[in-house]
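Undergrad: Sequence:
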Amino acid sequence: MDYIKVNPEGLERFAGELRAFGDDIGATLDGHRTAASPDVSGVRSAIVLGLVTGAWIDHCRTVAAQYDELAGIFQNAAAAFRQSESANARTWDNVFRLGRGARRGR
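Those letters in the sequence shown? Residues 1 to 106, by the UniProt record's numbering.
Worth flagging that the hints you see were computed from the coordinates, not collected in a lab.
One should not assume that every hint holds.
[Stated by the list, open to error] If you anchor each label on the Cβ, the simulated ranges turn out as follows: (1) D68 with A20: 44 to 50 angstroms; (2) L49 with A87: 52 to 58 angstroms; (3) W56 with A20: 44 to 50 angstroms; (4) E85 with H59: 35 to 41 angstroms; (5) C60 with R19: 19 to 25 angstroms; (6) A46 with G72: 36 to 42 angstroms; (7) A55 with N76: 41 to 47 angstroms.
We put the CB at the ideal spot given by N, CA and C, even for glycine.
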């Protein structure tokens, strides 16, 4: 199973690329300003927020999938433990039955 690994350099690179992409979009929007819409900073913020939110949602889905996998592993381990306990109980029951039978001369 893969564990979640935080790579600070990767996060910094992603943040830098996201900022650069936002700046590119902002520059494009700034170049297309008209008298009807002189300020596009709100649009730029909305686009960047949308990108960050999308990345965060993807990250949360990945983490949720990993937790689902981990939960499945624990459920399988619990089932195996229950089977093992049941088998152990049957074994000890048989041992005690044999012991009682041997004492009674059977």
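Undergrad: So, against the hints stated earlier in the document, which numbers end up violated here?
TA: Structure breaks hints 1, 3 and 7.
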